[in-house]
Amino acid sequence: MTPSVGIIANPASGKDIRRLVAHGSVFDNKEKVNIIRRVLRALDAFGIPHVLAMPDVFGLVLRALEDAQVNLNVDFVDISLTNTGEDSTQAARRMVENGVSCIVTIGGDGTNRVVAKASRDVPLVPISTGTNNVFPSMVEGTLAGLAAAAVALDVNQVRERAVHRARKLVIAREGKPIDLALVDVVVYDERFVASRAIWDVEKMRTLVLVAPHVGTIGASAIAAYLPEMLTAQGHGAWLDLGPDGRRVLVPVGPGLIAPVSIRSLRWLEVGEGGRVLGAPCVLALDGERENPVYPGQDVIIYLSEEGPYVVDIQNAVRTAIEAGFFVI
Amino acid sequence: MSLSQETLLSLYETMVKIRTFEERVAEIYYEGKTPVFDIAAGPVPGEMHLYSGQEAVAAGVCAHLRPDDPVTSTHRPHGHLIAKGVDLKAMMAEIFGKDTGLCHGKGGHMHLFDPTLHFGCGGIVGGGIPHAVGAALAIKKRGEDRVAVSFFGDGAANIGAFHESLNLAAVWKLPVVFVVEDNLYAISVPKSASTAVRSNAERGAAYDMPAVQVDGQDVLAVYEAAKEAIERARKGGGPSLIEAVCYRFRGHFEGDPELYLPKGIKEQWKQRDPITILGNQLKAQGWFSDEQAQAIQDKMTALVAEAEAFARQSPYPAPEDALKHVFVNV
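Chains as they are written, first to last, in the numbering used here: chain A, 1 to 328; chain B, 1001 to 1330.
Warning: the hint list may mix true and false statements.
Computed list of lysine to any residue pairs in SDA-like fashion (alpha-carbon distance at most 20 Å, straight line) [to be verified]: (1) A/LYS30 to A/ASN83; (2) B/LYS1173 to A/ALA22; (3) B/LYS1270 to A/VAL57; (4) A/LYS30 to B/TYR1207; (5) B/LYS1106 to B/TYR1316; (6) B/LYS1227 to A/VAL193; (7) B/LYS1283 to A/GLU190; (8) B/LYS1235 to B/ARG1146; (9) A/LYS203 to A/VAL299; (10) B/LYS1227 to A/ASP189; (11) B/LYS1266 to B/PHE1253; (12) A/LYS30 to B/VAL1197; (13) A/LYS30 to B/SER1192.
Hints were generated in silico from the structure; no laboratory data involved.
Extracted from the complex, chain B is given alone in its bound form (with noise of 0.2 Å):
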């Protein structure tokens, strides 16, 4: 498999579709809320986690994923489903909490559920590890090649659930794929502060499966990595595990003050953009111009313009509607 021109552009283009997702989502989250901070007010009330910075786990391990392999995503899950596929439209209007959107504008930002691809995300730290074993062990009954993947973060990792879930992935063999997206800090937790290991791959060797760790920041060794790890699975050789060392641009929160963080860190994280390190590669290679890029990101500043335009003006659910979609009808 060599990493052609097509890849790469289109590991680029989904990785600026994130960034310039993200980017937009931050401003339209302060309309509102100042001069004092209110976490109620504006178009999009509550809490918002935003991804920029990470794009390159999200597409470099979705590249290699089908609309039907499922995935489950954490509070952080917007570059995942856009890596995924998602109708950015449909997104952005449960961001927004309106009746277009994928919950109906139900879940907000971080219950954010699309069937058609196999998606489900939440905000309780490991909770969708278990669900993904939970599919790969329905897809290994049905005899099905599908893959399950689970992302999740450093602090996750240090959750029950984590342990449990990679354990009975190896005693079952099951197609499922654990991605620990390593940004450091568990909130305000370095990692150092609450992880016994130095390094999370080291853990596979706990569970009885390969475990390997990959510069988040490039999106071609994750990329290299969730190649070998997804068509493992789907081959039935089993679940792994990829850690994936990466920086998150933003705060935790948007509104994080980060105090937690050393003085200067982030500069130094922002030198290693994972769009500016593909586009230097690109480049490089002769198979990119700046030209290209700016389409890009034009392209992209106007699927998301659209996505906003949508979500502004579709309208809320009723009041009366509260409990729909909500429980499944029996």
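Isolated chain A (complex conformation) (with noise of 0.2 Å):
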């Protein structure tokens, strides 16, 4: 089977009312197509034959091969565009379908968000272009590319190596799996998606985090400047937030730094979690609005080890120089 990547480059990122409520990057989306040219050019140079790209109404990656001088073949998954995350998930399910080695996604939480609940085993090079990126890496896009390429060639045993799974938070309504967070869910206190972004911190209920480590922003942080986070990684939490509780002054966005109260904390082991109180409400996945949950309904969120796979760029290249992968 020739071997074939992915590439998922979100247009909408970057571009959202957190760069009004707080200090948001602006991220154009000429810079994406640069990131875009560049992974091409990586996976060119290592003899990769053939990319499958998500179309989008933006031609991202269509701008990318303008002047990208590159060999190999692009095809685009046959999808019909609801310029939604929808077609993020749609993309990455025909590129599993395809048998693509690994997708390259552009984006950040939101747009890694998306394209896990259907990326399966296939694992995610994540080039990190949002506002909270916790989730995927600030990683030049060449770097990346030629870790997508060592992936995709299988170099050095790189696919055992260098690629983990990451664990993810699973929202159930009446039992059934509706919905999956990549780093944290925010209980939030309002009833409606809207412009999506979260900002107030004094709306924000309940905080449940898969993985808080250090240098994050966002909610996650919330709990990540805890001092006792440092001797409980690799744990999930699950903290109530409110009056009269324990104070913390932490970067809950860009350049937005705020006082939080927290009232209870308690670390999540796998399967662990709890159930959703306070509604009306909405549930914000990984920093963005998404699903309501109104009055009487059963809605709870726990820690699955289950995530998808994700390629650990710096290892994996760093197996493929052991192998002596650039040696020519």
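These two chains come separately, so use the hints to put the complex back together.
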């Protein structure tokens, strides 16, 4: 089977209301085109013959191909565009069906979340261009392309050595899983999805985290900067927020450092979670409002180890170096 | 700020008012113009550009505006003016060219001016954008907390005046919000054929102002973004840009055969009717019933009918008054 790599670039990331209510980076599409071009050139240089890409109304991959001067073939998955996150999920589904070795994603937490819904055991190479980039890496495009090439060619057993399975949070309603999150779920005191982003800490009632780690910004920061988090690596967390609790001052958004009061905190092992209280409310998944919860609905959130497979880009490149992949 | 039942119902009413007005004007427009389309014939001669489908943008933005916040608009102005609170009778009379109209019948559908609402519009593409900046300059010089808003389309965003306006508004840190109604087509030209960047939200960076893109069919998304932008300007935070991606359910103009549209796309667009979307959101919260929806529709149908009757019964301006209200008397 000829090695094939998928590319899903989200044209919408980096343009939402967090440019107004916080100091979100402006990640213009020209920069995304640049990144895609660098990925294509890296794949091409190491002999990957085929790329399967998600089409989008902005033509990011098409524009990247102009002036890319690559020999590889780029095909586009045949999906009808809705211009929502559903496009990325559909694209990932098609790429998995078509046997891609890995999927390079270009976007933020939100992009990776919707791709993870369908990526199954195809690993992701996540390049960050979103607002809160906890899940994907701030990695240069060429390097990500090299890692993807190494994975596609399974150099030096890189698929065992540099790919790990991430955890996720599962949202289940009346016992049925309806959605997932890769970083966090916030139970937000609002009824509507509206502009999706969340930025008012006063409205955050509960915070559930996959794996808080040092250096995150966003809602995860509410737990990630507690001293006990340093020894609790590898656990999820469930926090109830509200007045008269333990106060922290943390970066809840880009340039947005706010005081937050934590009433309770418990660690989560895989399989553990809790019930959503306080309906009507809305669940924000990885920083974006997504699921309204109505009174009377039974909604639970729990930690699962069946998240997407992710390429550790640095490790993948190191593994390839070890095998002399770059010595010609 | 929670999105309350009161707010949502108010937004719903505004959108239904706009839709009802536009759909009735469409029917009136074709009176006398058949069987052969004669643009000069009938009670409403001239061109007609209707706002059906884009109601969420006008409603979501204008909900945050006071009567004395200036607004400039375009050849497709009815939605903005209705959302700003215009008297439907005076507006309808102006569309009919009657003396009781906003401009004594001398402006017509594309030249609606209401000084009590600080509203102006015109058919020159991008023409209103510098005016909003000028209004904002006056506001700042007077030390007031009013905000100017300019509505324009994806085509106007390529006009020189757009670029000059954003630049100067940023340099002078003026209280103005630029709202790009991106309905994907500038008359018949698709945005991909006219615009070098993929989103006009990216142009904010070129002029050092925050810019966001919102789903223009979801009035709550527009409402939230507009709230932040307008409050920021009111507090002296300067200009910003909102790009609302929306859909025009009718042609660019009435009579437009729309041969440039891909087959089936209109049907797809109509799946995202902003009034239906908000209605469903209200119902899901238990804040709304079909009876209430019908009551609102009936109320707006009656209001529009009253405006139409007023317009039809009103006199035309007298020929000897042709030069009145056209020039300033010095």
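Hints, verified against the model:
no., hint, in the structure
1, A/LYS30 to A/ASN83, "holds, 19 Å"
2, B/LYS1173 to A/ALA22, "holds, 18 Å"
3, B/LYS1270 to A/VAL57, "holds, 19 Å"
4, A/LYS30 to B/TYR1207, "holds, 16 Å"
5, B/LYS1106 to B/TYR1316, "holds, 10 Å"
6, B/LYS1227 to A/VAL193, "holds, 15 Å"
7, B/LYS1283 to A/GLU190, "holds, 16 Å"
8, B/LYS1235 to B/ARG1146, "holds, 9 Å"
9, A/LYS203 to A/VAL299, "holds, 19 Å"
10, B/LYS1227 to A/ASP189, "holds, 18 Å"
11, B/LYS1266 to B/PHE1253, "holds, 15 Å"
12, A/LYS30 to B/VAL1197, "holds, 8 Å"
13, A/LYS30 to B/SER1192, "holds, 14 Å"
Going down the numbered hints, you'll see the structure goes against none, and every one checks out.
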